[in-house]
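Enquirer: Protein sequences appear in the order of chains A and B. For the first sequence, the numbering used here begins at 1 and goes up steadily by one. For the second sequence, the numbering used here begins at 1 and goes up steadily by one.
Honestly, I wouldn't trust all of these hints.
Stated by the list, open to error - Derived coverage of chain A by chain B (criterion: at least 3 residues anywhere in the stretch with Cβ under 8 angstroms from a Cβ of chain B; other residues may be distant):
1) 52-58
2) 69-77
3) 101-107
4) 162-172
What the hints assert, rightly or not - What follows is a list of derived Cβ distance ranges for each label pair:
5) B:Gly-173 to A:Ser-58: 44 to 52 angstroms
6) B:Phe-24 to A:Ala-73: 37 to 45 angstroms
7) B:Val-204 to A:Pro-89: 34 to 42 angstroms
8) B:Ser-170 to A:Ser-58: 22 to 30 angstroms
9) A:Asp-212 to B:Arg-21: 52 to 60 angstroms
It should be emphasised that the hints constitute simulated quantities derived from the structure, not laboratory data. Note that the coordinates shown come from a computational prediction; the quantities given were computed from them, not determined experimentally. Here a beta-carbon is modelled for each residue, glycine too, at the ideal position from N, C-alpha and C.
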Amino acid sequence: MTDKVLTIRGASKLRGKTQTLCDVDLDVAAGERVALLGHNGAGKSTLMKLILGLTPMSGGEIRIDGAKPGSAAARKATAFLPEAVSFHPALTGRELLTMFARLSGEKRADIAGLLDRVGLGDAIDRRVGAYSKGMRQRLGLAQVLLGRPKVALLDEPTSGLDPISRQDLYAIIDELAANGTAVLIASHALTEVEARTDRIAILRKGVKVADDTLANLSAAAGLPTKLRVVAKSGCADQIAAETGGARVNGVSVEITCGPDQKMDELRRIAAMGDTVADIEMTPPRLEDLYRHYAKEGRV
Amino acid sequence: MMTPRSFAIARAEMLILRRNRWLFMATLIMVLFALALTFAGSAPTGSLGVDMLTVSVASMTTLSVYLAPLLALMMSFDAVAGDRDRGSLSLILSYPAGRGELLFGKFLAHLAALGFAMTIGFGTAGAVAAYYGGAGAESLVSLLRLIGTSVLLGAVFLVLGYALSALSGSATGAAGLSAGLWLVFVVLYDLGLLGAVVMDAGGVFTQKIFPWAMVANPADAFRVWNIAASDSVAITSGMAGAASALPGWAAPLSLVIWPVAGFLLARAAFRRVEP
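Same shape as in the complex, but just chain A:
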């Protein structure tokens, strides 16, 4: 495909004798949101630094809109939100964003509008030293929005944010992607990434162990779905016996089944008639998937 704005081929990084990244391939298309998951030290931040050209590659090739990492063209096309972003405390939000706009060559940037967009309209002329962690993160996001970047790299963008701020932040990220920016989000916050990204890549000890949509990843992992059947009083034992499930607390029976048996199982339970009072279905969550790919020795 030609619309891959960010292409990574065989990226490797050696720090001393330890291999922090090993032969990683990853593509992000314009308008696509990709989550990069992994434990601490799995190589997420290193990969971002390689893309930014802040640290030299030991092997492989990275192209940002056709340009080499660290080149003027690549840096112009890239926006970055570092993990736990920080700014000089003596400057105000407006002054900092003005400086960033000038650094990126955006002469007509609407500073006040951008700060308003990230919810810092009231704090625009306050010093960053007086900002909360969430406000600093929002200011960091505001500088990402400067000048419509082709690629946005967000390292743990929601760390330290309250749930409402997280939602706001993801709304802005969605908008960014809708305008054609390729977004790569490194994150620990699995549940929020689940609904907010198009594709998930998992790194384990510097190796990419998964890279697909959530649906495909769960199908491939074959993780079981949990069905919890609530029985009418006195019928729990009968249901447990018929379905082969396990009794939990007096009235419920828990059944686990593979992704392909789910519908058969549901039909069987539906056929049991009034002995079933309710049924609850829990598909495998991202946490389970993540554990599956990140822990098991599969490459």
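Since the structure of chain A is already known, use the hints to place chain B on it.
Expert: Chain B only, in chain A's frame:
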């Protein structure tokens, strides 16, 4: 180097210097020291037959040798290390500004602040001396030369401070290295040379090498330039001997080469920094 990007950095750095009261404190220090020296040093005016401003410039030259490098290093030591400690360096470096541009932007702001403090400090003392003890055309030129060379001397230590800041792992480490650098250039180097001259007892070293070794140190080049250029300042400082053994361009050349070489060194060190 003089790009809109380095001006963007310079503007932000200037705001920082004003906000954290650094500009105010540096100017205050310069004014207080310069005034104190002008009044304390006014005694020998009559006996030497020079005006009060000349004596004042000679005293302030000695002051500036210590103070200009100190003020410069205090500003520059955390230019790179401070940003790295704070974690804001990786973000700045992801922007399409070259590392030379970033460094030059900081340099512009710091040099302007230094120039402001020097001009106000020495200027005030000069005005006071001229008012009380008179000032001739020559002493005015000496004052202007003192201000200009002090800024140049400050520039040397600004860029050396950036180099240390880029080379050291943390702002605290950079502060320690800067204190060491100041001590070596301003105090120990001269002591070493003095010891060598005493040991040599008027031999080849004293006559041929010593003047050049002296002027190779920017702090001494500053002293020599100010003293050699003005006979009446030389009278009041008693340093004419060594200065007269050198061609007139030696000290100015040293003070011009140092900032340029130091900047190139600092840029090379900064380029190796991984945030």
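Enquirer: Please go over all the hints and tell whether each is borne out by the structure.
Expert: Going down the list of hints, with the structure as the test:
With 3 residues bearing a CB less than 8 angstroms from a CB of chain B, the segment 52-58 of chain A meets the requirement of three and the coverage assertion stands. Note: the segment 69-77 of chain A has 3 residues with beta-carbon separation from chain B under 8 angstroms; the three-residue rule is met and the coverage holds. Check result for the segment 101-107 of chain A against chain B: holds, 4 residues qualifying (beta carbon to beta carbon below 8 angstroms, three or more required). Taking a C-beta to C-beta cut-off of 8 angstroms, the segment 162-172 of chain A contributes 0 residues in contact with chain B, too few for the three needed, and the coverage statement is violated.
Checking the proposed 44 to 52 angstroms range against B:Gly-173 and A:Ser-58 shows it is violated: the Cβ atoms sit about 28 angstroms from each other. Checked against the hint of 37 to 45 angstroms, the pair B:Phe-24 and A:Ala-73 passes, with Cβ atoms roughly 42 angstroms apart. The beta-carbon spacing between B:Val-204 and A:Pro-89, approximately 57 angstroms, falls outside the hinted interval of 34 to 42 angstroms. The supplied range of 22 to 30 angstroms is met by B:Ser-170 and A:Ser-58, whose beta-carbon atoms lie about 26 angstroms from each other.
Against the hinted window of 52 to 60 angstroms, the Cβ-Cβ separation of A:Asp-212 and B:Arg-21 comes to about 56 angstroms, which satisfies the hint.
Consistency note: the structure conflicts with the earlier hints numbered 4, 5, 7.
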